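Line order of the protein sequences matches chains A and B.
In this text, residue positions in the first sequence follow my numbering: the first is 1, and each later residue adds one.
In this text, residue positions in the second sequence follow my numbering: the first is 1, and each later residue adds one.
Just so you know, these hints were derived from the structure itself, not from any lab.
Where hints are given, some of them may not hold.
Stretches of chain A that chain B covers, calculated by requiring three or more beta carbons in the stretch to come under 8 Å of a beta carbon on chain B [to be verified]: (1) 349-357; (2) 594-600; (3) 604-615.
Fair warning: this is a prediction, and the values are worked out from it, not measured in the lab.
The beta carbon of each residue, even a glycine, is placed where N, CA and C say it ideally should be.
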Amino acid sequence: MPGIVCQRIRVTGVVQGVGYRPFVWRLANELELHGWVRNTGGGVEIEVCGKPPQVNALIERLSREAPPLARVDDVRAHPAERKGDAAAEFVILDSDGGPATTTIGHDTAICADCLGELFDPKSRRWRYAFTNCTHCGPRYTISRGIPYDRARTALAPFPLCRDCRQEYERPADRRFHAEANCCAKCGPRLTLLDESGAEIAGDPLAKTLTLLRQGGIVAIKGLGGFHLVCDARNAEAVSALRERKAREEKPFAVMVANLASASSLVQVGIGEPALLEAAERPIVLMKKRHAADERLPGVAPGMAWLGLMLPYTPLHYLLFHEAAGRPAGTAWLSRPQELALVMTSANPGGEPLVTGNDEALLRLSEIADAYLIHDRDIVVRCDDSVLRAAPGGFQFLRRARGFTPRAIRLPYPGPATLAVGGWFKNTVCVTRGNEAFVSQHIGDLDNAATCSFFEETVAHLLAVLQVKPERVAHDLHPDFHSTRFAADYARMRGLPAIAVQHHHAHLAAVLAEHGIRDATIGLALDGVGLGSDGGAWGGELLHAARRSCRRLGSLRPLPLPGGDRAAREPWRMAAAVLHRLGRADEIERRFADQPAATMLGQLLERGVNCPPSSSLGRWFDAAAGLLGVCRTMAFEGQAAMLLEGLAERYGEMLPIDHGWRIDGGELDLTPLLAVLADETNPGRGAAVFHATLAAALADWVRGFADGGRVLGAGGCFLNQVLVRGLRSRLATHGLTLVEAQRLPPNDGGLALGQAWVAMNSDIEEH
Amino acid sequence: LSHGSGGRAMAQLIEELFAAAFDNEFLRQGNDGATLPVPAGGRLVMAADAHVVSPLFFPGGDIGCLSVHGTINDVAVMGAKPLWLSASFILEEGFPLADLKRIVESMASAAKDAGVPIVTGDTKVVEQGKGDGVFITTTGVGVVPDGRELSGDRARPGDAILVSGTLGDHGMAIMAERESLGFSAPIESDTAALHGLIEALLASGADVRVLRDPTRGGLATTLNEIARQSKVGMMLQEKSLPVNPEVAAACEFLGLDPLYVANEGKLVVIVAPEDAEQALAALRAHPLGARAAAVGTVHEDPHHFVQMTTAFGGKRIVDWLTGEQLPRIC
Ligand SMILES: [Fe+3]
Ligand SMILES: [Mg+2]
Ligand SMILES: [Zn+2]
Ligand SMILES: [Zn+2]
C-alpha cells in the first residue's frame, strides 16, 4: 500500500499495570492504525503501521493522554520494516519477559467509576469491598514480583468468573488486564471475627459499624496492613484504645468520609483539599479547629495539628456508606457525614504493622474486640503516608503507601547502589541507572521484627527492581542493625561498603532530589547523628558535595546528662542549660517532680555520662523544659511538636536582640535560653524561641554564603514555624532555602543521600 | 616507693610484705617458680586476668580482692576447681606503702577464704606517671574433672537462662566512688569468688551447658557472646531481672542500663530446660546465690539477637555494642 509507514515505539516510565496497553489499543483503533502493543521488561513496545499523520498523532498522544496512573518518561520511535503479511488490525500481545527496567505500580484509592458501581444497587459490584479497575486499587501491596500479572499477585488463588474474565479480556473495557479484577462471585470476601476468632454471623459491614458505634475497637484489614479502628467521637473508646495500645500519647489519625466532613474539624488551607483527595490518599496534617478537641476528645491532645485522611479502599467507603444508611448513588459522598473513625496503624509495641489474619488474632488480642478480615493477602507491608501542605507543595512526614515504589529521578546514572539508611524511621534505597527507589517507611530498628522487615524490604526491592547492587552505603554509627547488615552484605558479595556521615547524607539527599551538582552550603538540623570526629552531631553547617563534606560550623554543644536518656527527658536538657548559665541551684526546685533532679547538678558538674552534642533537637528540648511545656516525652519529638504548636497559636514574634552569639563558626543560643528561663508565658516563649532561632540560623549561614541556595535537611525541618521563619530570614540575605520535596526531611530520607554519595564516591568532583 | 638502685631496700620490703601475707608451702620454697604436684585425673584450666581499676578502694572491696576473685572466677566458670594463683604487680613510684599493704592483705585474705593460695609472683616498679598506682595481673590454674563440658557454644534452643543475683552492683559502686556521687544509699561491689557456688550448682546434677561471669559489659555483653558462640537467640524478661533498687535508681539517673554494667560476683547459667528449677534451687541455697533468678530462655534465631520483653510488653534488642554506648536518638 502506498503512503503507509511503520514505526517501532518504545515507551518507558510507569506504563505497566495501569491500563496503558488498552489505552494504546483504543488510540490505534481510533486512528485506524494496525500493528501491536506489548509489555517488555523495559516498558511498553508498540509497532504501528498507517498513514504518516495518524502515526505521528499516535506518537504525540502516547504521553499527553496517558491513563491516570501512568507516568510516561520517554517515547522513542524508529522506522520499522513493514511486514508484508501484517494483519490489518491492532492487537495486544503478551509480555516478552526481557530484562526488567520497569517497576510495579503504587497503590491508589478507588476511582470515581468504581465508586459509581459500588453504590449502584443495580451493579454487580454493589457493595463489593474489593472492587477495582486498571485505573485504581492495590498494586505494590499485592505484588510478589514482576512482571505485574495476576499469577504474581494476591489474587492468584481467585480464578476469574465468566463475567470478570470477559472484562479482563475486552480491550475496550475499563478492566482490560486489570490483574486484581474480581467480583462477589469469584473474588475475596469479608469476614468479621469476634475476639476469640469465631465468625460473627450476619453482614460483616453492618456488624462492624454496630460494634464501632458501641465503642468497640475493631482491627480492620487495610491495603498495606491492619488498622485499629474506633469511633473518634467516643471519648471512652479512644481512651480504651490508648490504654490497650500501651498508654501512648501520640496523636491518632482520623478518617472522615470527605472534605465536607473535614471542615468542621480542621481549617482547610490552600492546597489541602487536593492533598486529602489525591489518589495516594495520605494522612494530611492540618490545623485543628478549636472545636476539634471537643468533638474528638483525646485524639490529638495538645497538638496544633490533626492528621486526617479520606477513605481509600472500597471497604472504607462501605463503612461510611453503612453509616449513611446505604444510600443509592454517589450524591451522599459530597455531603458532610457524621462518622469519624480513629484509624491507627496496628503496630503493637513499635513492631511492624500486622498484615496477616492469624497474626492479627495473635498480636492484637490484647487490643481488638473484633477483626474485620478478608482472604486477599497483604503481600507487602506498607504504612499510611503522612504529609502536610507546605509552601510550593507539600512535605512528607512519612512516605509509604501510594508513593512506594515510585522512583526519584537522579541527575545522572551511576553504579547500582543499595543504601540501608539509619536506625530511626529507617527506609532503604536502591538505585538503578538514574532512578532511586526509596522503600516504604520501615520503622525503628530497635526490635527484631523491624530488623526482619528491613531485611525483607531490601530483598523485595532488589527482586522487583531486578537490581544487583555494585555498592552498599550505610551510616557511620557502628551499632545500627542497618550498618551491620550492610557490612555483612558487602563482605559476602565482595562489594565496597561506603560509610556516609549522617548529616552529609541528609544534605546529599536534597542535592540528589534537586539535581544540584555544585557543592552547596547547607544546614543539617536534627537529633543526633554520629559525626566523623566521633561526636554527637545534630546542628551542623556543612559544605556538602556529592562525594565529600566539610564542616563549616556547628551549634555550641550541650552536655546530654544521661546520654540518650536526655533525648527523652527535656527537663534534663533544661538542667544542662541552667548549669551552663550558672543557675544549677534552680534545677532541684524547678523539676521537683523528677526524682533524679536532686542529683543532676552533680552529674553535670562532674560531666559523668554527659556526652556533648551539637544537636538542635536537644536545644529545642531544653527550651521546652525551661518553659515547662514538656518535662518527659511520651513519644519521640513530642517536646518540639508541642513547642511548635504553641508558637503557631501564639503568633509572630520578633527575635530578641543579642539572643545568640557566633564565634568562629559556632552558633551559641545560650543567651536566648537565658531569656526563656525567666519567661512566664510558654506561648510567648515558644514564639520568641522560634523567631530568634530562625534569625540566628540565618545570621550564621550568611557568614559563609554569598547569595544562592542553602540546603536544609534533618528532622527539625519538619517544624513549619521554624522553616517559615528561616526561609524569610534567609531571603532578606538573598539566600534561598532548598528542602526535600519527595522524601521526608528526617531520617526517612537518609538512604537516598547515602546512595547518592556512594554512587559518586569514585567520580571526580568538578 | 621508689625504683632503681635506691629502691633495692624497698623491693626487699615488698618481698617481705608479700611473703608474710601470702605465706604458704609453695611460696616458702623461695625459688623463681613454684613446684606444684600434678593433679590426679581431669584436665588443667589456666586463666589470666590483668586488673586495672580506678579507684583502687571502693565500697565492698579493692583491687586486691578483685584480682583474686576475678581470676578464680575465670577458672571456675570452666567447671574447674581452682588450685593455685600467681600474682604480678606493677607499682608506680611513689605509691603509698600503707595502701600497698592494705591491698596485699586484702588479696591474702581473699585467697585464704577461697582456699586458693598465691604460689608465685613478681613485682616491678615503674617511674611516676608511667602507671596508675598499681596494676595487678593474676593467673589461676585449676583442674576440671573428665566428662564435664562447659563451653560458650553449648546453649541450645529451649534452655533456661539464670543469673545468680542482682545486676550492676560492681560497676555502679565503682562509678559512684570514682565520681564521688553521693547516693543516699551506698552501693557496694559484689566482688566474690564463685567457685563454691559453682560447685554447689554442678553438684545438684543439673545439666548445665554454659557458665559465665558477666564482668565488663555486663549481662548484655556476656549473653551476646554466648548467643553468637552457640548460634542461638535469647529472650529476656525485663521484670524478672534482679536489680538492687539503689542500683536501679542510680542507673536511671545516669542514663545507664544495668544490663551493661559490670558485675564481679555473679554467674550466668545456661541450663537444660528440665533442670532449670533444680539449678535455681541449688543457686538459692548458697549464700552467694540467694537472689538467683530465671531471666529468660534460649531460642532459635538466625540473627543471634538477644532480646528483651519490656515491662510494657514490647520487645527490644539488647544489642552488642562496639564500644561505649554512643548516643543514637535522632
Ligand atoms: Fe537525622
Ligand atoms: Mg577475665
Ligand atoms: Zn477503578
Ligand atoms: Zn467475578
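Against the structure, the hints:
1. Here's how the region 349-357 of chain A fares: 3 of its residues keep a CB closer than 8 Å to some CB of chain B, so the rule of at least three is met and the hint holds.
2. Counting residues of the region 594-600 of chain A whose beta carbon lies closer than 8 Å to any beta carbon of chain B gives 4, which meets the minimum of three for the stated coverage.
3. With a cut-off of 8 Å between beta carbons, the region 604-615 of chain A has 5 residues touching chain B; three or more are needed, and the interface restraint holds.
Violated hints for the displayed structure: none, as all numbered hints are satisfied.
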